[in-house]
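Participant: Each chain, written out:
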Amino acid sequence: MTALLLRDLKLSIRAGGGALIGVLFFMTVVAVIPFGVGPDLNLLSRIGPAIVWIGALLAALLGLDRLFQTEREDGSLDLLLMQEHPLVLVVLVKCLAHWLANVLPLVIASPLLGLFMNMDEVAIGAVMLTLLVGSPALTFIGAVGAAVAVTLPRGGLLVSILVLPLCVPVLIFGVSASYAAVEDPAPFLPPFLILTAITMFFAVLGPVGAALALRNAGD
Amino acid sequence: MTESLAITKFSDLANPTRFLALAARILPWLSALTTLLFAVGLYLAFSTEGDYQQGDTVRIMYVHVPAAWLSMMCYSVMALSAIGTLVWRHPLADVSHKAAAPLGAAFTLIALVTGSLWGKPMWGTWWVWDARLTSVFVLFLMYLGIIALNRAMDDPSRAARVSAVLILVGFVNIPIIKFSVDWWNTLHQPASVIRLGGPTIDGEFLRPLLVMAVAFTLLFFTLHIMAIRNEIWRRRVSTQRRMAARLAGREG
Amino acid sequence: MRLMAENLSAHRGEDLIFSNISFNLRRGEALVLTGRNGSGKSTLLRVVAGLIRPAAGQVEWRGADGQKGVNAAEACHYLGHRNAMKPELTVAENLAFWRDFLRDMEGGSGVTIGEAAEMVELGAILHLPFGYLSAGQQRRMAFAKLLVAYRPVWILDEPTAALDTSAEALFARLIRAHLHAGGIVLAATHQPLDFVASQRLEMKGFQYADMEEGI
Chain A
38 MTALLLRDLK LSIRAGGGAL IGVLFFMTVV AVIPFGVGPD LNLLSRIGPA IVWIGALLAA
98 LLGLDRLFQT EREDGSLDLL LMQEHPLVLV VLVKCLAHWL ANVLPLVIAS PLLGLFMNMD
158 EVAIGAVMLT LLVGSPALTF IGAVGAAVAV TLPRGGLLVS ILVLPLCVPV LIFGVSASYA
218 AVEDPAPFLP PFLILTAITM FFAVLGPVGA ALALRNAGD
Chain B
20 MTESLAITKF SDLANPTRFL ALAARILPWL SALTTLLFAV GLYLAFSTEG DYQQGDTVRI
80 MYVHVPAAWL SMMCYSVMAL SAIGTLVWRH PLADVSHKAA APLGAAFTLI ALVTGSLWGK
140 PMWGTWWVWD ARLTSVFVLF LMYLGIIALN RAMDDPSRAA RVSAVLILVG FVNIPIIKFS
200 VDWWNTLHQP ASVIRLGGPT IDGEFLRPLL VMAVAFTLLF FTLHIMAIRN EIWRRRVSTQ
260 RRMAARLAGR EG
Chain C
-8 MRLMAENLSA HRGEDLIFSN ISFNLRRGEA LVLTGRNGSG KSTLLRVVAG LIRPAAGQVE
52 WRGADGQKGV NAAEACHYLG HRNAMKPELT VAENLAFWRD FLRDMEGGSG VTIGEAAEMV
112 ELGAILHLPF GYLSAGQQRR MAFAKLLVAY RPVWILDEPT AALDTSAEAL FARLIRAHLH
172 AGGIVLAATH QPLDFVASQR LEMKGFQYAD MEEGI
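These protein sequences, in sequence, are chains A, B and C.
Following this note's numbering, the numbering of the first sequence begins with 38 at its first residue and continues without gaps.
Following this note's numbering, the numbering of the second sequence begins with 20 at its first residue and continues without gaps.
Following this note's numbering, the numbering of the third sequence begins with -8 at its first residue and continues without gaps.
Check the hints yourself; a few may be wrong.
As the list claims (entries may be wrong) - Below 20 angstroms or equal to it, Euclidean Cα-Cα: the simulated SDA-like pairs (lysine to any residue) are: (1) A:K47 <-> A:E110; (2) B:K139 <-> B:F57; (3) A:K47 <-> C:L80; (4) A:K47 <-> C:N11.
FYI, nobody ran anything at the bench for these hints, they're computed from the structure.
Remember, predicted model here, so these are calculated numbers, not experimental data.
Just chain A, with the same shape it has in the complex (with noise of 0.2 angstroms):
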């Protein structure tokens, strides 16, 4: 399993900087949204943790239909499924090794785009810490959809679509937490907690359908 996570990070380091990619889309996205509502610094504080949520959502499915299309393209997929590991330890750990190399940069680069939204030090560490617990949902969740599109050649559009609605209770809570944070009547804990809870409840849900749905997926 060791093995496993260090060839897929070995592999998206030298594959042509995936990482890279997801996390430039992410600043693009973020930094365009001033050019659609206007430079109002008061405006772009209040809805910056909901915009650097939303870009972060995005980039983090960005390359995620990737995730067992290429284990499938050259065959790798078919010895994966064939060993005594449980399958679904297979891709709990796939999904680690994406979520450290794509999301996980992410994770990282939000405080920066942060500082563009104008928001306070409070609130970029809100933005941070929630974006950290609730992204591996993100790439959990995630798994399902790449599995169910394994076998199509583009994917990729498809994944977003079956994955985004299924996406909305870590937004929302992810974003609420972030409010909280800075807003004094809401209470912080709740939503954190919350969405702790379901980043844990993802995380067995994700792999589990995803296992099923690749064992299902063979021809």
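Mind docking chains B and C on chain A? Use the hints.
Facilitator: Just chains B and C now, kept in the frame of chain A:
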């Protein structure tokens, strides 16, 4: 593979050929009953007095509420069929959830459109991000996603298995989405929205509503059975065509 | 050690590919599948490897003690049409990954990566990225993957595609060595592989006359 007797029996019962025979027998009765109930329901709906606050627009409820119920029930039917696909690998279950998805999308769309039409006079706007409307909208997107996935795959049995997984994952998620949307809604819009039907539903409104709900349910089953039948026929035709192509290749 | 298949049938999509195929392989025995394109050779191999669920019948593996322990698929190496190697990683990294991920099965042990590369006569290019190798070299390195982790059964789907005659002879030698050590080989091939197969199975494809009524 040795299958237990129970499963064999179950398979016999749901054998496609038997299903077709059964469908041919009950469809006329079912459609007649549905038409009758719709006639009664619509008559009741238009003969009752309008609400003193909402006026005639309250009649939209008799279409809107049953459609919204059906949108949920259809997904449950699909989830059951999905279990049938994955656990018993039954071909009829494959066909069943594939046939149900467009129906569910249609009912959800009816619920959304009528809700929007109702919202214009009541709330003064075509769309509010009310918790119910929003959850139903997310449900609509999920239906469309499943339909898109089914259409994208050319091998029907694999498409059925894979979309069954997606249906089940979505089914587990629906309560979470509902809960989170409620949370989000109370956060952003303190309960200013008029609740559906008001606190007490008068018997006056309840009677036509129930009749319409039963009529809609029967309509769903009628359409579902018809859609399954069509799908079975469609697959038989394509099997025949493929065989014809093979045979021609052999002789040539 | 035995690999048995009973009355296997398989569908692909709506079509029945083959039906009622049985075989029984003991230590040191090989089964060679021949037949024209589309006769179901690959499908049969994938069914044995557990990658396609058979429509009927079953595959069974009994270990050295005659017990039904593990799934048949876990006793098998599968070399398909695709090499299952990552072009971005070096050959050594690829082989090391499969060695660590697959691990030796009970009853044997694989050779080191260097030795495996020597055995396919490509010891000098372990440090190169896999994508830089020629098609024939890639195929040989994919074969080396079978040597680094021990599995009693080798399932080979057209192992000698894209290979010249000397490499074919090399593969035949490695397969003979595996059989000699008590292994089992299932291979599908167009070219006559130069090793003594104890059993042959000609796949004829399915007869459409008795096609059952599909849904």
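Participant: Each hint: holds or not?
Facilitator: Here is how each hint holds up against the structure:
1. A:K47 <-> A:E110: At roughly 18 angstroms apart (the allowed maximum being 20 angstroms), E110 (chain A) and K47 (chain A) satisfy the hint.
2. B:K139 <-> B:F57: 26 angstroms, violated
3. A:K47 <-> C:L80: 8 angstroms, holds
4. A:K47 <-> C:N11: 45 angstroms, violated
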